[in-house]
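Construct all of the structure, not just a fragment, from the sequences and the given hints.
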Amino acid sequence: MIGWVVETLIATTLLMLLVLAIRKPVRAAFGPRLAYALWALPAMRMILPPLPGNWRFSSLLSPAVETLNRHEFVMGALNPSTMPAAAASHSIATITLAQGVAPIALVPPVETPDGAPLIALFLGLWAVGAVVFFGYHLIAHSRFCRRIIRRAKDARTVAGGRVRVLETDGTSGPLAFGIFRKYVAFPGDFAERYDALERDLALAHELGHHARGDLYANWGALAMLACHWFNPVAWRAFKAFRADQEMACDALVLAGRPGSLRHAYGRAIVKSAHGGAVSAACHLHTINDLKGRLKMLSRNQSRSRRTLIGGAAGLGLVTLAGLGLTASGTSAAETIRGNVENAVGVKLADIRLASVVSAKEMPKPPVAPAAPRAPSAVDAPVAPAAPEAPKAPMTAESWSTVAQTDTVAPVPPVPPAPPVDGVAPPAPPAPPAADHDQDTTRVWTDKDGHRHVQRVIVRTGKDRTAMLDMQDSVLKEAPQVIKTNCGPGTPVVKQDDASSGKASTIIICTDRIAAMRENAERQARAAKAEAKKTERVALQTQQASLRAARRGLDAARAAIAANSELTGKARQEALAGIDRASRKLDAQARTMD
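full-length UniProt numbering applies: residue 1 is where the sequence shown begins, and numbers increase by one.
If you're looking for bench data, these hints aren't it; they were derived computationally from the structure.
Possibly wrong hints are sitting among the right ones.
What the hints assert, rightly or not - With a straight-line Cα cutoff of 30 Å, these simulated DSSO-like cross-link-like pairs (lysine-lysine) come out: (1) K182 <-> K271; (2) K24 <-> K569; (3) K569 <-> K532; (4) K533 <-> K584.
This is the structure:
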């Protein structure tokens, strides 16, 4: 955001300079209305958002923005107990308020790692200045309009009741104001100073401002000047904008009228001229504008339809080129990459195409969850005697036995025998029991690969004998894990509930895992292709903008060269400026090839 603000302020300044340079040749060749339309170029750039692609203008300014962002400063009235140590030694003075309760140190701008970025300080100062500037003119204009309306002596409506015409002592010349309620104000001596023809032409001029939407344009221009309150180029451009606006309105009033009215219209302009400050909506005609307006009235030149169409086309090309060359850019490929990564949950930088990925590098399927541990044995009811544990039938036997017999006192258990290959390790031995006990655990794997555990505990005491034999039925309750192909439309992992005495089953769908991997690779390829396409379109757009700008400059040069009304020096200066701009465009185009 900070980079876009800096780029926009610099770009609009460059475009203001461009308009200031070509407005007079354009007005001489194509008329004042087309010259006034040139001011839409910096206004459009002011509201232009960042565009996709890596634009050259952004790359030229980004190092400076990053440098300003790296330097951190503190300044102002700070609390000495909390301000950075680097700023304490640079404080100008320390002020103690309320009997030493609130000390304040005045610190000039000091660079410190604990401060705010330098560019943030600049932007804060810029924002405060813009708000103060715009707020001041908004309040001053509101008070000005209220004073005119309050001191009005006579009022009538024109233009179908949409505009009220006031006669007031609050102004010394004709002016138009009002956005939602439109007004035209004339001075109190308007009838004595102006004859009937001059009054009609002055009223037509002010109504022309309302009809053309110049009041809205003035508010927009004042807002733009508020953003450039520190910029002398913007102040010069604002004055030129208002002068071009008046000339364009003059051309609108005189269009289609006899040439004999130009003298009367010139008299009305001279009588209306008066000094005035910057204003958003009121057309305060300053004396400095008179020379150009009267000079324009002295030229009774009619332009063909073909010339006007060519001028409009050239204006469109210049606008397109100006916006294209000064646009702020963002990386479209990074935006698309981020959207794809958020959608699939996979980092595209970690994925390579299947044609270059070996089998060892392919992601492994998820590890099957381990079967739940069999429940521990519980004591059986007391029996009159301790019979021997029955021998369970075994196939493909591989078992280990841990036996312990105590006749007098318990001793530590004997460590279990090491497991045989292919057989799960035996369960840990039971704790030593009182009197006589025997703990036997058997573990084996059958021909189907299923593991079985059988544990027999015989415990004998003075008054009772207990025995527990945990059978295979307990282990059958543990779910079985199977890996297989499940077909499309199935989840990656699914579980079948136990039924009819069978244990539940967990199924790992390996084909669905492979399908997810292929889908992620396909989306990665599509994202890469889309990023390349976006970069190609951005480059083509910039090249088209350069070509369009070059054609526009060629057309403007031809028109100026063919204009017989331009003096030799003025024509040479205009042609030299266009030639310099053409060479810059050619150099820019060569760097893009």
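Hint check:
1. K182 <-> K271: 23 Å, holds
2. K24 <-> K569: 14 Å, holds
3. K569 <-> K532: Violated. K569 to K532 sits at ~50 Å, over the 30 Å cutoff.
4. K533 <-> K584: Distance ~28 Å between K533 and K584 Cα, so the pair holds.
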